[in-house]
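Colleague: Each chain, letter by letter, is given below.
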Amino acid sequence: MSPSRRAPLAPPRPLTAAAPLLPPPALAAAEGALLASGGFGKTEALWYTPVGEALPREFVRLSPSVALEARGAARVARVGALSPERWPASPPVTAAGVSAQWAALGAPAAPPLGALTGAGAALGGSALCAWSDLSADGALLVWVPPGEEGEVRVVYTLDVPAAPAAPAAPAAPATGALTRLAARCGEGARLTLVERFEGAEGAEGAEGAEGAEGAEAAFTAHITEVELQAGADLTYTRAQGAPLAHLHLGAVGIALAAGAGARATLLNLGARLARVELGVDLAGEGARADLAGAFVGSGARLLDQHLTLRHLAPRCESAQRFKGLLGGISRGVFTGRVYVAPGASGTRAEQSNPNLIASEGARAVSRPQLEIYNDDVQCSHGATVGQLDEEALFYLRSRGLTRAVGERLLAEAFVGEVLERLDDPGAQQLAAEALARALASPEEPAQ
Amino acid sequence: MSEMLLEIKDLHARVAGGAEILKGLSLSLPVGEVHAIMGPNGSGKSTLSYVLAGREGYEVTSGSVLYRGEDLLAMSIDERARAGVFLAFQYPVEIPGVQNGYFLRAILNARRAHLGLPELNPVEFMKRAKEALQMVKLDASMLKRSVNEGFSGGEKKRNEVMQMALLEPTLSVLDETDSGLDIDALRVVGQGVEALKGPARSALIITHFPRLLEHVTPHKVHVLSAGRVVHTGEASLARELEERGYEWLIGGER
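Which chain is which? The protein sequence lines are A and B, in order. The numbering used here puts the first residue of the first sequence at 1, with every later residue one more than the last. The numbering used here puts the first residue of the second sequence at 1, with every later residue one more than the last.
Here chain B stands alone, though its shape is the one from the complex (with noise of 0.2 Å):
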């Protein structure tokens, strides 16, 4: 059996104080694979990314996340992404009058002084920065702009995998970003992620519907319904789901 990079097994957590919503999700994700998390709305697919990244006001109840053989959980916010997870969120967060380079530079020399590397200089950081800005094809004046302050949806999202691009993040959490995507953006997205897959990598593509499956192929694709992952197999059932629906699958579950 492969090396486990992620190992979740029977979490359980909630909003704080509110109604359980993870009841016993189990799920590895062996080094250098990249797993879909498919799920129906209100099945716990973006409660799993925040749990992951460690967002407040989310309480794990019971149960355990392995992440490199040490516990995730125990593990700070910036911690986790110094240690190399990524999240890239749903809905990107605008935040006026931090410049986007200045911000870009900021969390890679965070990422680097965590894996003994020294930090970039400016010159050497514009560079890699124009790289991945080409890569999911975003203008070089977005560096300039606040973060994510005003930028379309799209845009939004390609910075994400522009920062996934710049961190190289060894597990890559993905929460939908495929929503709200014209054909370009997606194609564009999608084949960023593609990119970043390699065999020290993992990624869990977290999604709805299967559209970015089109473009990134899933080694495993998992589907969560109310807590917990009810089936697993392999990157063709994406496209069953996608002509049968959750239905045959989660039955009377829900």
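This is chain A alone, in the form it adopts within the complex (with noise of 0.2 Å):
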């Protein structure tokens, strides 16, 4: 069916855009289609995270300024419109451009569109997914050739306009950008890959009883995948540290060849809404995944991940850590599902979410899933909510640290063992803002 068939189940969404970035009428109709009735509004996996009701209808499309940086064997190109400046022409976003450019950093061919890797399928179902695929802004693709090894560090920043100092004015548009990363590693390659989303706080980002009320609404969608081959190994860090007015949907899918490794590390921090969803496929045997989050909440924040590990051939391990911090009025949302198939024997698997939660008014929300089709398993999962542990701070207070010294020590002991994963500054930077805003009484704020 094509999507211009489908447009009347919804009007078509009114885009106020750029014109070089205005997707083509059909497609846009097809986004809208999307946004008011599919994907983001009624599924089940989206129960704790009104998506679809928080996405702006209208907005303009903008390309996120890129700060990247290369090293090693890490061959990058791109697609569509990302940091124009820096990067004079490169094709658009279409089968045929994704299919150039492939070729020309010398990688294989790949499935075009719709899944830019082999690890689209680790995501599938998704609505974003979903949506980027009708219509991404640009696109960084990076390949690293059999046993090289490469790295590559990605800032992408989105800067909401200030909102009009007048009333009366008239509000300046929604921002937006759709915009994803590939990732392929050739047989034994090894990549290290480090995302980071920031923006600059607005005067309205400060945290205050009116949170986000007066910032314009503004969103980041951003598809990370990863594919890697027999043998490869990954080290990615994604740190989401989006200015307070912002919406943020992330994906991120990796898919694991025989003997494959990938140690990944994610932050959930920033944005008012951010839901990021992490498909794991472990689809060669021997294949591992040590996965590990940290998501630190304050002020009206609502922090949602969604993982979906799926163990598809037989002895592989993985692991998921997944720590929640939350202060003010703030959520965490961790859904942690689990598939083990049939022929999968000798699967390992761990899961844990432990959350703490910081003050009165924040809630933590925790749905471990767990499907085996196979008896040959190992699987563990354990969720916890709980607090300060106020034992431990009365010791520390008995030393002659402040209460809120020894909170902050607590919190960062909590989630020490996510954070000393890292190895970026800036994610370690934005980690420590994270949790000085999720400790601040509403009395005395941290900034």
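Simulated from the structure, these hints should not be mistaken for lab results. Please note that a few of the clues may not be correct.
[What the hints assert, rightly or not] Each pair of labels, with its calculated beta carbon distance range:
no., chain 1, residue 1, chain 2, residue 2, range
1, A, Cys379, B, Asp184, 43 to 51 Å
2, A, Ala54, B, Glu149, 40 to 48 Å
3, A, Asp376, B, Asn41, 54 to 62 Å
4, A, Glu420, B, Lys197, 55 to 63 Å
5, A, Gly361, B, Gly150, 28 to 36 Å
6, B, Asn121, A, Ala70, 32 to 40 Å
7, A, Gly361, B, Glu194, 29 to 37 Å
8, B, Ser152, A, Glu420, 56 to 64 Å
9, A, Gly386, B, Ser152, 22 to 30 Å
10, B, Arg112, A, Gly361, 31 to 39 Å
11, B, Ser76, A, Glu360, 48 to 56 Å
Backbone N, C-alpha and C define an ideal beta-carbon position, used for all residues, glycine too.
With the hints in hand, could you dock these two chains into one complex?
Modeller: Listed below in structure tokens is the structure:
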């Protein structure tokens, strides 16, 4: 069915976009249908996170500015509009454009748009992916040739235009961008990949009682796909520290062939609503995934992490450790689904989701889900919700540390085992700021 | 009469909402003296140490506590600590994830800031820490472990005395620091406490058994019963209590 036939399902979403980035009309109509009726609206996976309601109905498509460092054997190309000042010309985000750029990097042919790499399947069913497939603004392509080693660090920055000073002035239009990164590692290749999402806080970014009320809606949506061929190795850090005015939608898909390994650390720290999906396919025998994350909430933020980890081959190992620290009246949601296929004998899977509630109004929702079609497995999961240990706090204070310092020490200790995995100073900085915000009492803001 | 560091007058206290535990306790501790507080279980020894440290959940219903002439009860837990009051815990708390070395440096610098002294850098701190560790015969590797986590009972108590040596408190309150210690650990802890005696420093050693007092000689021994000091004697009283028990002093009070 062509997208244009689906248009009657919902009125087309008007786009006040800058001309070069405007998607073709048929796609816009399909996007409107998707946003209004389908994927983001009613699925159980989005029960706690009203993405459909929060998305602006009208926005200007912007390209975030991208600061990129590549080292070693990692080769990087782009399609579409990312950092135009730095990359003067690139093909549009089309199947032909993507194929041409993979070829230019010397990478083997890959599935075109819809699944930029073989890792797209790990994100199957994601509404964000469906949307992005229709109209991504730009994508980075990374290729590490077999047996080689490389490093890529990317910082995406989308600044929100300042809100109008006078209340009577017309509101500035919302802004947003849909971007992607697709990385592929040849056999035995090693890649260190860091992605950070940042942006300057506007005056309305301070966490007062008003929160983001006065701020313009803006969103960043970004999909990361990593395909690891046999024996390849990935170290991945994703740090989301978007301004409070933002809505952040993220998806990370990682597909591992036999003997490949991935160590991923995800920080969900910024935006007023942030939803990050992580799909990992252990598709080849003996693949390993070591996943950890921290979500640190303050104010009225809603931070949602949605994991799907599939053991599809024998003797794969996975570990998931996601820690929530929630202050203010923030909400944290963790959904962790582990699927073990009938043929995946010798599976070992661990999952844990401890949450620390740092204030009375904060809440955590934890939804571990195990789906196992095999007897030869060792699986464990555990979810807890607790508060700062008053006994420990008394001990620290009895040694002369103030309550605030004691709380910070205990909170740092709680997320410490996740944060100590970080080798990126920028990500560490975002985490430290988020911790300070989460622990700031309403009467005395950290800023 | 010598200058008083701590003056407790007619102190009444309870666990919030519960029955009164301290029922008119009075006690004076001069600067530079070490006093032992002994008494049977349930006499209020631990409550006294918690009230002095400022633990939440304990209510002082009447009476006063003056520390260097100031109202101790008006100060917060951490203000008391920075002002030089140190409680050695009966059950030191395990704090997973907080590195002991980091913790020790933070508390030492908090105390130094209060005294108007500059922060110690990591090198200076390590020198101090190693001296203190040596005194209580703890290995330097414990600096890298989490605070008290996985420590044996003896190691925890040595760690308390080690913190005391680092912070050089004006008033140390040792809450049953001798309980649960084997003979070697007891000697090390006793020597540590003895070494901390000084003309400007005072200590209250709260204990059920007089074992620790074989290593530390107190200036005075107070016997606590049913929330009050019922008898005060010289150091020799400890031995007498060991031989005769408490019954002859507290009579029908319990």
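Colleague: It remains to establish, for every hint, whether it holds in the given structure.
Modeller: Status of the hints after comparison with the structure:
no.: 1; hint: A:Cys379 / B:Asp184: 43 to 51 Å; result: 46 Å, holds
no.: 2; hint: A:Ala54 / B:Glu149: 40 to 48 Å; result: 42 Å, holds
no.: 3; hint: A:Asp376 / B:Asn41: 54 to 62 Å; result: 55 Å, holds
no.: 4; hint: A:Glu420 / B:Lys197: 55 to 63 Å; result: 41 Å, violated
no.: 5; hint: A:Gly361 / B:Gly150: 28 to 36 Å; result: 35 Å, holds
no.: 6; hint: B:Asn121 / A:Ala70: 32 to 40 Å; result: 38 Å, holds
no.: 7; hint: A:Gly361 / B:Glu194: 29 to 37 Å; result: 51 Å, violated
no.: 8; hint: B:Ser152 / A:Glu420: 56 to 64 Å; result: 26 Å, violated
no.: 9; hint: A:Gly386 / B:Ser152: 22 to 30 Å; result: 26 Å, holds
no.: 10; hint: B:Arg112 / A:Gly361: 31 to 39 Å; result: 37 Å, holds
no.: 11; hint: B:Ser76 / A:Glu360: 48 to 56 Å; result: 21 Å, violated
Taken one by one, the earlier hints fail for this structure at numbers 4, 7, 8 and 11, listed in ascending order.
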